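There are 2 protein chains.
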Amino acid sequence: MSSHIVTSYDQELQNLRRSIAEMGGIAEKMVADSGQALLRRDAALAQAVIAVDQRLDGLQREIEEKAILLIAKRQPMAVDLRETISAIRVSGDLERIGDLAKNVAKRVVAIADQVQLQKVVVGVEHMNELVQGQLKDVLDAYATQDTVAALDVWARDGGIDALYTSLFRELLTYMMEDPRNITFCTHLLFCAKNVERIGDHTTNIAETIHYLATGETLPTDRPKNDGSSFATLDPQPEA
Amino acid sequence: MSSHIVTSYDQELQNLRRSIAEMGGIAEKMVADSGQALLRRDAALAQAVIAVDQRLDGLQREIEEKAILLIAKRQPMAVDLRETISAIRVSGDLERIGDLAKNVAKRVVAIADQVQLQKVVVGVEHMNELVQGQLKDVLDAYATQDTVAALDVWARDGGIDALYTSLFRELLTYMMEDPRNITFCTHLLFCAKNVERIGDHTTNIAETIHYLATGETLPTDRPKNDGSSFATLDPQPEA
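Protein sequence lines, in the order shown, are assigned to chains A and B. Under full-length UniProt numbering, residues 1 to 239 are what the first sequence spells out, in order. Under full-length UniProt numbering, residues 1 to 239 are what the second sequence spells out, in order.
Simulated from the structure, these hints should not be mistaken for laboratory data. Misleading hints may appear alongside valid ones.
[Claimed, not checked] Under the rule of at most 30 Å between Cα atoms (straight-line distance), these lysine-lysine pairs were calculated in the DSS-like manner: (1) K119/B with K73/A; (2) K73/B with K73/A; (3) K66/A with K119/B; (4) K73/B with K66/A; (5) K136/A with K29/A.
Only a predicted model underlies this, so the values are computations on that prediction, with no experimental measurement involved.
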């Protein structure tokens, strides 16, 4: 291989890294803004989050195409091949994270005119802030290929799942207390679920970083604390 | 290119098609069984759906690895490259469809001991049957590379989104009528949402078929009829 080819190959990998970093920045902002829009019931900010999602979709397609062409053209091996595959995977997770933040924003538009139960809204936004931290840390870990930091994100997601489950129960309780809470709490339930799913995608990225560094795949059965799918709540104590 | 290479290359493409077909069969059964488990509140059938999901995850990783190696090794061009990329995309959608069916199954386990509101359960199962039809048709269209059939699936998804929105409103109404319906209806809301998302993934597969056949990408902004994110419902008429 002539050094010229190596250089331009590294150049193409650099471009992929730059595009991933751009996607990461947009996704982080979407998650942060959707949380702020929810906290303040800010429909205008929510609409801005909804509008920017197309940019993320476009970048993901671009990265996927470039990565595939890179593989076909350069036949990268070992870590170079893994980095190209990782770019495809991470861009897919970031695109989904954008979709989920957009879904939160859509809910905000629906409930923007309702000011109630701020305590539980704060709870959902708190969960959203934890997920923002996960996302920031995992993107830093990807940029620096820091496997230890990635595994830390991977392990921490269980806490977010547990928080989601307790919010789920809390919201059901408010709905049972007063039917006028039901529409609002239902939208909050879906918001919380979307945030929890964003957390799952940060762990996917952590798994990709581990694969990138080691060539090995983490066990699929990460212990999850999301008990909400199984959660039931009695509307009143048994007589 | 010697005919030997061509033959073994076609062989590898054939293997990819076979693996996708296997994934499709498993995903179809998971969707059908999760719907039946919901209809009959059959926790055992639900547990079986949950258990089989790992097989789908394994197949997806296998297909992704094989497809990437195929691209690196054979540097396929034009339609061959598109078919390999399509295999990666479709396997990703089928893996997500399995996750969503598994999520429905988890909800069934939560509500298995509750027999109420069968009418709306039937509504969710009906929506699930429509999605099953979408999935079957799009998998057939993929196997036969039938773009017309694929575009038909793509267009039909709007009807499922509309049905979801009406179920969403109906479920909110039941919750407002009687707080004892809230836990049950909340799980049904998430079941219906999962089914609606399965429909979205069938349209992704339809888009991939169009890309495979034409090399062109459909517009990302497919008109969606899912108004539920924006839906609000007054618990009582304004005084």
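Hint check:
With a CA separation close to 57 Å, the supplied pair K119/B and K73/A exceeds the 30 Å bound. Distance hint between K73/B and K73/A is fulfilled; the C-alpha atoms sit about 10 Å from each other, no more than 30 Å. A hinted pair counts as satisfied when its Cα atoms are at most 30 Å apart, and K66/A with K119/B does not qualify at roughly 50 Å. A C-alpha spacing of about 17 Å is found between K73/B and K66/A, which places the hinted pair at or below 30 Å, so the restraint holds.
Proposed proximity of K136/A and K29/A is supported: the alpha carbons are some 10 Å apart, at most 30 Å.
In this structure, the earlier hints numbered 1 and 3 are contradicted, and the remaining ones agree with it.
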